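Visitor: Each chain is listed here by its residues.
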Amino acid sequence: MQLIFEKSRPGREGFKLPEIDIPIASDMPAKYCREQPASLPEVSELDVVRHFSNLSRLNFSVDTNFYPLGSCTMKYNPKFTEKVASLEGFSDLHPLLPQLLGGGMLAQGSLEVLYNIEKLLSEITGMSAFTTQPLAGAHGELTGVMLIAAYHKHNGEQRKHVIIPDSAHGTNPASAAIAGYKVVVIPTDKDGFLDLQAYKKALNQETAAVMLTCPDTLGLFNPKIKEIADLAHGVGALMYYDGANLNAILGKCRPGDIGFDVMHINLHKTFATPHGGGGPGAGPVGVCEKLVDFLPISRVIRRADGTFALDYRKHKSIGYIAPFYGNFGVILKAYAYILSLGKSGLVEASENAVLSANYCLERLKNYYAPAYGKSCMHECVLSAEKQLEQGVHALDIAKYLIDRGFHPPTIYFPMIVKEAMMVEPTETESKETLDAFIEAMIEAAVLAQTNPEVLHQAPLSMPIKRLDETKAAREPNLRWQSK
Amino acid sequence: MNYIPHTELEKKEMLKSIGVSGVDELFKHIPKELRPRSFNIPEGKSEFEVIEYLKLLSRKNATNLTNFVGGGFYDHYIPAAVDALAGRSEFYTAYTPYQPECSQGWLQAIYEYQTVICELTGLDVSNASLYDGGTALYEAAMMAVRLTGRKKIIVDSGVNLIYRTMLYAYTSNLSIEFIETPVVHGQACREDIYKHLDDQTAAVIVQNPNFFGAVDDFSDIVQQVHKYGALAIASVYPVSLGMLKPPAEMGMDIATGEGQSLGIPLSFGGPYLGFIAVKKEHMRQLPGRIVGATVDKDDKRGFVLTLQAREQHIRRERATSNICSNEALCALRALIYTSLLGKAGFQKLAKLNYQKAEFAKSALDKVSGVKVKRSAPTFNEFTVCLPKNADEVVCRMINKGFACGFPLGRFYKGLDNYLLVTVTEKRTKEEILQFANSLEAALCS
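Chains as they are written, first to last, in this note's numbering: chain X, 28 to 510; chain G, 99 to 543.
These are calculated hints, taken from the structure and not from any lab test.
All the pointers check out, no bait thrown in.
Per label pair, the in silico range of CB-to-CB distance: (1) Gly418/X to Leu107/G: 37 to 45 Å; (2) His342/X to Gly507/G: 22 to 30 Å; (3) Glu347/G to Asn231/X: 52 to 60 Å.
Note that the coordinates shown come from a computational prediction; the quantities given were computed from them, not determined experimentally.
For every residue, glycine included, the Cβ atom is placed at its ideal position computed from N, Cα and C.
Bound-form chain X, shown alone:
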């Protein structure tokens, strides 16, 4: 498709602004002005509407395709939450209003939403308090590690490293590193769990924290999780819970009860807010009692008279990590979702997510080697190692699935699994959708034996075929330029 810039015609306009109805003042002095206007497109409103309508149709999305992208929880995003977020009383509210004298009363509705969701998230996870400020999961991780650093510093301790399993999301080591910690990587044992011997060896008085995903990125719940937490606490380290996989355990166990001290939740995963083509997400962070005073400024509090206010007292706070109160529009959608599902709905979501994942694993395990074990939680990790003997890679299977109308699973993650394919079906997909996907996966396995060339050529049904990614990286073309 042509770029919007290539559709540009000199002199064409797409939007009418109000006329100037006031006396004209003298112009901005020239030394402060740009020499040339920015070369934005010159297109009509219909040009824009058609361009983006047609672009949208080139995407696979949850609303159009099964999207079992492991670790991303691509569940259905209920439509009514969009309506809620677009209510003008929420969408038009300026974030500085409650910071004016007497301005708190101008934002009571939004402050109540923040207060209430913090309480709900605390109860769901067993943590003492939450901040809604982190703007994405990785941002939550960074906030969490900063909280951990502030806690140790407050106790007069200079701890140097964070322990992270080799199966972790890349964001874990990246977050720990940019917060100033050295990362110590622990291997995974033959059962897919944190290698306890290596863990014990690495754990010492210099360990600031242990960052774990539970269930882990292999889709497994580590039955020794409590022992791992106790060992960390024994040397004064804190336990960080990566909430990426929270959708597996709602009402079944709570990170706070296990002994995790800090955690983040990806609202866009477990609590069904749209992923927006890469974002916005939201990554609220929950903490245990001893870390509450370190949470970012500001905190929403409830006064004795039932009104809500922002608390800007510093306590031992790590300070400002976001400009305001978080991705409010996203938080609002998650709040509406939680109210809609309620206690039973949340438990059923996890139960059915786990049921669907195990169903996929069971029906596919004879065709693709399960990475570890015979059962899983909300996602299963399969390997295309067998197919590799025929020269077929996980990538080829992924591309074939595109031709069959399915968004591929996450591939090549976790990195410790050869030719990994991580399938997360979620609870909102019907059995017939799962069956159709399973059939397509089985056909790919059969084709790997009988006619691997079909897989190597895929996809053929898309507007483009496989792209030259090496060329993209070697000769970066990162913006359009007029010829």
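Assemble the complex: chain X is given as a structure, and chain G must be docked to it using the hints.
Guide: Below, chain G alone, put in the same frame as chain X:
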């Protein structure tokens, strides 16, 4: 409502296929002692009930005030087509375009967005978005630290206090030294910046227009900064770039900013859009996703995520940033917004903002006791000195139906009587005149 399609019969079939008798068996790995001590969540409600409840809450917010508050976050009009197009669920229910063949719509849109950011700032390379203007500035500062191997950063105090405090929070364990230089007569104090600038300096950070609304040309500062091998970073307000000198024309190495003003609702602080653009030689230090153009097997143009060796999912603890999810949908809104406004419209928008603010200045000048600060030119935001404490005046003006500005004393010591007033294209002549009249009354009472 739980949105689960499985019937009881289907559940039984699935359980049978797995070879377990019930769902509980699937959770047997979770030890009994780790089961929830409590899970006290109210039962679910119908869609209708939830919407009615949230409508009720939304009405507890006062969005009917005539708004003259900005401070980095602006009340601009959003064309209906932005909502309609960004509201297409083929966009908003997709995720990061890891699989390019079935994500060309998103990838092309991001490539176009990157082009818009390069056009506005004049710089060579943009990424696919960051969380907000504050985290974008932090990422820029970290880029400068990595590129120079130095740890001292000079920050002009005209940079939004919210962003400065974010910078300090993020780097509190990294032994980076920040030096704040004062604003004199509304603009960055050259003398003070040069006093601190040396061969240990990683970067100098400025903002245009600054928090007081003052416009500057930092070309002279950039020249000095480069003499010491440091980088120049500007945080900019994108709508102002319809008129003002772009960062690249001043020689800036990195430009960042808050993209909220480009078609994104205020929404009580988010989701917003952080943008970042850099000179080509720095592109491999950029954080976050980047989309590039390439060709497929048939030599047909297509788009992919590229230069991924910088990123956390490949490089882990050695990545340039930890960012994974970004603000793609907000970037799409900015792209649609700037496409609708277009080359001429975007200039007109800037002019309208500038002229309305100048008109408001003249109206407020006539209010007795009020002094409009005119030491430097401004874009759509300016500072006035009131004869009374600005906090109290703001409080009184709320009762008259105006969010009349941001009291500068909240962010700057000794400026308790100063008010930051913002006038966007949405404010009509009548509203501006009523604002002046009401202010007169508020100051008398």
